[in-house]
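**Q** Sequence:
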Amino acid sequence: MTIVLTGGGSGGHFYPLVAIAEAIRDTVHEERLVEPRLYYLASEPFDAPSLFENGIVYIKIPAGKVRRYFSLLNFTGFFATFIGFAIAIITLYRLYPDVVVSKGGYPSVPVTMAARFLRIPVIIHESDSKPGRANLAAARFARRIAITFPESMSYFPKKTREKIAQTGIPVRKELLRLEREGAREFLHLEKDVPTILVLGGSLGAKRINDVVLSALPELVRFANIIHQTGPKLFAEVESTAKVALEGSEHRERYHPFNYLSALALRQAAGAADLVVSRAGSGTITEIALWKKPVILVPIPEAVSHDQRTNAYAYARSGGAVVLEETNLTPNLLVSEVRRIVGDLELAKSMAERGAAFANPDAARVLAEEALSIALSHES
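Residues 2 to 380 in this note's numbering are what the sequence shown lists, from first letter to last.
One thing to keep in mind: the hints can contain errors.
Straight line, CA to CA, 30 Å or less: simulated BS3-like cross-link-like pairs of lysine-lysine [unchecked claim]:
(1) Lys292 / Lys349
(2) Lys292 / Lys207
(3) Lys174 / Lys164
Derived from the structure by calculation, the hints contain no laboratory data.
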């Protein structure tokens, strides 16, 4: 049995595929099936160690990004995608997988189109409330379509609706288990004040960093702050924080990190009473599964429409407060943080309502569907 995974461009596209691969392995062992060969086809490996740890073989397939506006780079993108399509046909013909599982994003286009050409079954998963162009194109020939937000269904062609199921976003097993015991001690957090976890995404978020730093003298007066700054922004944030907290008797309550590993993230989330975060769909799902109230600061719509629509879709569940980046000020951030952590009933209600949004079995559901299609394709 051979299963191909594709999709990329961001962690939101990549890590759900790793979660599906984990679930495929678990299901195969439980059902005593033949161990499948897993491949990841994309323009970049994104996180090579994760692929290696999960026994996934990476094969490079060129792909180019085609922008929504006129740019000479679009010609390069079209050419790279065409070359990728040709290479994908040769690669898939050689591997002849039983199913292709796609998370969308421009790196998936050559692979899903080649799968269609070779009549290989395709499953697509859409994380955002407004589907991306790659998944909308693949939906017309996909065997199954998995979505996260119910609003997504209206964007797909009517004739594809019977193939759609709302599964939620697959999350890696290691992020489902929070490390509550000993987390405060390990991270050197004061026990008698609430803890705020600030997440700016894997690359960091400069605007969130700037506002947090401006609000820092006030925030540390009543809370511990765990701040994931992003690797490239860490030095700047650390030096600015030292100046901002100079003379403060509570400066030890601020804990900046350039990056949080899976274990560190489980510990930080386990200790947190409130999360402040960007609004990537994968991040929202993780926070919902952690059962934590959250303040979402989406990337502005001019840069990305996905995060804003994701944020408000989740906020309608009651699990989040949305602060637009254009309106975000230190005073507003402090006010909202105080309001939520100072009202235990509100924080509890937000956590419970948000938890109902996520499906902890999403990876398992998609893995079982992929295996079912693969087994039927084999026979």
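**Q** Against which earlier hints does the structure fall short, listed by number upward?
**A** Hints that this structure does not satisfy do not exist here, as all of them hold.
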